[in-house]
Amino acid sequence: MNEQDPAASAERPQPLKGSVKSLTATERGMQVVLRLQNPNARAMHYIADVRGMDYDPATRKLTVRLTDEGRVLIPSAVQVQPTFRFVDPGSEAEIRLDLPQSIVRLGAPLPTGEVTLEEHRIADAEEVEIDVAWADTPYYEDTRPSARQDMPAARWQQGKSRVSYKARPR
Amino acid sequence: MSIVTLFIQTNATGAGAGSLDPNQAAVDLAIAANGDTGLGLNAAVGNRQQVTYARTLAGPPPVRVDTLVNTNFSPDYGAGPQAVPVVVLPVLANFVLNDGTSILAVGGTALPPQGTGLPGDVLNNTNDCLVIYDTTQNNGAGYCTARAGTGGTLDLATPNAVILYHELSHAFRTVNNASLALSLICNPASPEENAAITDENDLRTQIAAAMGVPAVLRDPNIHCGAVCGGGGGGGGGSCCIIASVASRSPMSAEVQTLRALRDQFLRRTEVGFAFFRQLFHDYYSFSPQVCTAMSREPSLPGLVLEGYVRPLIAVLQLMRDLALDACRDADLGRRFLQEHADPAASEAQLALLQQVERLWSGEELPPPGPAREVAELIRRHACTSEHVQWALVAPVRIYSQALAAHLCGESPSVIGRALRIAIDQWSERFPIDPVWAALPAQELEAELQTLETVLLRTAKARNSFRRRLLKRFGDLPAIRAVLCAARPTVGARS
Numbered sequence: 156m157n158e159q160d161p162a163a164s165a166e167r168p169q170p171l172k173g174s175v176k177s178l179t180a181t182e183r184g185m186q187v188v189l190r191l192q193n194p195n196a197r198a199m200h201y202i203a204d205v206r207g208m209d210y211d212p213a214t215r216k217l218t219v220r221l222t223d224e225g226r227v228l229i230p231s232a233v234q235v236q237p238t239f240r241f242v243d244p245g246s247e248a249e250i251r252l253d254l255p256q257s258i259v260r261l262g263a264p265l266p267t268g269e270v271t272l273e274e275h276r277i278a279d280a281e282e283v284e285i286d287v288a289w290a291d292t293p294y295y296e297d298t299r300p301s302a303r304q305d306m307p308a309a310r311w312q313q314g315k316s317r318v319s320y321k322a323r324p325r
Numbered sequence: 004m005s006i007v008t009l010f011i012q013t014n015a016t017g018a019g020a021g022s023l024d025p026n027q028a029a030v031d032l033a034i035a036a037n038g039d040t041g042l043g044l045n046a047a048v049g050n051r052q053q054v055t056y057a058r059t060l061a062g063p064p065p066v067r068v069d070t071l072v073n074t075n076f077s078p079d080y081g082a083g084p085q086a087v088p089v090v091v092l093p094v095l096a097n098f099v100l101n102d103g104t105s106i107l108a109v110g111g112t113a114l115p116p117q118g119t120g121l122p123g124d125v126l127n128n129t130n131d132c133l134v135i136y137d138t139t140q141n142n143g144a145g146y147c148t149a150r151a152g153t154g155g156t157l158d159l160a161t162p163n164a165v166i167l168y169h170e171l172s173h174a175f176r177t178v179n180n181a182s183l184a185l186s187l188i189c190n191p192a193s194p195e196e197n198a199a200i201t202d203e204n205d206l207r208t209q210i211a212a213a214m215g216v217p218a219v220l221r222d223p224n225i226h227c228g229a230v231c232g233g234g235g236g237g238g239g240g241s242c243c244i245i246a247s248v249a250s251r252s253p254m255s256a257e258v259q260t261l262r263a264l265r266d267q268f269l270r271r272t273e274v275g276f277a278f279f280r281q282l283f284h285d286y287y288s289f290s291p292q293v294c295t296a297m298s299r300e301p302s303l304p305g306l307v308l309e310g311y312v313r314p315l316i317a318v319l320q321l322m323r324d325l326a327l328d329a330c331r332d333a334d335l336g337r338r339f340l341q342e343h344a345d346p347a348a349s350e351a352q353l354a355l356l357q358q359v360e361r362l363w364s365g366e367e368l369p370p371p372g373p374a375r376e377v378a379e380l381i382r383r384h385a386c387t388s389e390h391v392q393w394a395l396v397a398p399v400r401i402y403s404q405a406l407a408a409h410l411c412g413e414s415p416s417v418i419g420r421a422l423r424i425a426i427d428q429w430s431e432r433f434p435i436d437p438v439w440a441a442l443p444a445q446e447l448e449a450e451l452q453t454l455e456t457v458l459l460r461t462a463k464a465r466n467s468f469r470r471r472l473l474k475r476f477g478d479l480p481a482i483r484a485v486l487c488a489a490r491p492t493v494g495a496r497s
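Order-wise, the sequence lines are chains P and C.
In terms of this note's numbering, the first sequence opens at residue 156 and continues consecutively.
In terms of this note's numbering, the second sequence opens at residue 4 and continues consecutively.
Next comes chain P alone, as it looks inside the complex:
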């Protein structure tokens, strides 16, 4: 949401409070149960599905993004809309996130210029950070012409809640 708009900052809501209720290994990867608490007197809307992931193998830190913030404009088959949900005022909600055992991404190319891939076992993460985008209104695509380069759902979000979880050392 446009922070420069006077109306946008008039009554800024409190962020959703989050905590990881459980993180368990499954046959296909990991399952995270995330609990979100709404401290406000109005419903709060949030993105409830995984939009992206980052993993730092050096620190074994996994970042799970329930936000479109930071995404780059690319040609694509489908612009899959995020899953939006809301938490009632003063209430709590739980969402389940199913994560794979590993993620694969482009690696440094070979000397011949050929593509390589790199795989990271995120199931080995020692720290998990989950970013959840929220706003106090539901998502509506901004239909105004604009030169801005952030994704529509990133423009919608008023803030993001960061939930950190330390996994037991393996």
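To be clear, the hints were calculated from the coordinates, so they are not data collected in a lab.
Computed from a predicted model, the values in this text were never measured in an experiment.
Think of the CB as a built atom: it goes at the ideal place given N, C-alpha and C, for glycine as much as any other residue.
Do not take every clue at face value.
As the list claims (entries may be wrong) - Short, incomplete list of chain P residues facing chain C, as computed with Cβ under 10 Å:
no., residue
1, 196
2, 198
3, 218
4, 220
5, 232
6, 238
7, 244
8, 256
9, 272
10, 304
Fit chain C to the known structure of chain P by using the hints.
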């Protein structure tokens, strides 16, 4: 010179076996070539296999595959011509792009070579054009896109071959250095996505013909999509939550009508956008709780649908007719009366309207329970919001008065005149948001003209609104410059 253009990545060097599904890519390419036996693969060299094609079949997809396989593309992106092979990476659901985006958020992509300045080149660290697509159909859930002719219903499946062909369409323009404009907005789709969907529909048509069934096409103007069978689809899916609950579906005709009015008619300008942002802020401070309460009391959705949602839609449509068609009083009255041929039904609807009005005004407090919760929520939140009152409450009162006039036996022209006057008086009370104060003079003038075209029909309404604007922000030079400048004669549509 040998041709080296289209490859399938077969070896996931650096990643575990099973990180790619090259067999699926071969199958999907064969589908695009309509099963043409001229399609083949050379032996793997390094981490990839070159596609070969001696085409024997006609049709747009085989011709496109032929062109991609048998042309040496050497586009000049500004640093001189360079050879650009297209490499297909048939990935699984755990693939993430280098900005962290899950492949599941896009289904597939075509990344231009690094350093070309084309959208997505920063995510590609090679000089190839990389076609990356999810071969798992979003972990089996599927990608649903907008079926043509439905106004945006996201229920059209997108098979793997279609995803691949869509991306090859992007790649085709990339290697010809003929990419079109790309934007973040998915509805309407950007020219680049429109072109790829149009190409994709060629393959959908070809597949349907091969199966002997009618083709079902994707709407080229809508690039938005969702995970099939629920989950995604938030693009407006949360619109008009009370109407959704009352009519029992976010896809009902009532909700679609409200959505279309909002997006096509009202929300395209800075002022319109700011108005709706405040309206959403106020409306969604209570509507989710209203819906929760409605779900616990079976009689409430019907009451709200007939006594509020349908009248609101009807009067908003009359307002639109008045603004766009400039219809005469008698025509306006007749349009209103079309829905009220049955006097008994009209009596019943007026009774419902009055019941809802009493409920919301606090005149009649229901016994403790969901209905009382709704009444209290609305009194506490809706009645204190200028935006909710103007947009969602006052129009229903106009409707209610017209219905009462009809039941008193008034003629269409009398009803139409009363409606027109009430709508014009309502229009001049359009809430003034702070965004007006932030606009430079030129934009302010343009916004004002738009508002006067679509909403403020009469000279009286325009003058009244301008006076309110001047009173609120008259200390700002831009406002004074626009409002106090000599104005052309105001159209005498009143």
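Okay, the hints, checked on the actual structure:
no.	hint	result
1	196	8 Å, holds
2	198	4 Å, holds
3	218	7 Å, holds
4	220	6 Å, holds
5	232	4 Å, holds
6	238	5 Å, holds
7	244	7 Å, holds
8	256	8 Å, holds
9	272	4 Å, holds
10	304	7 Å, holds
Taken one by one, the earlier hints all hold for this structure without exception.
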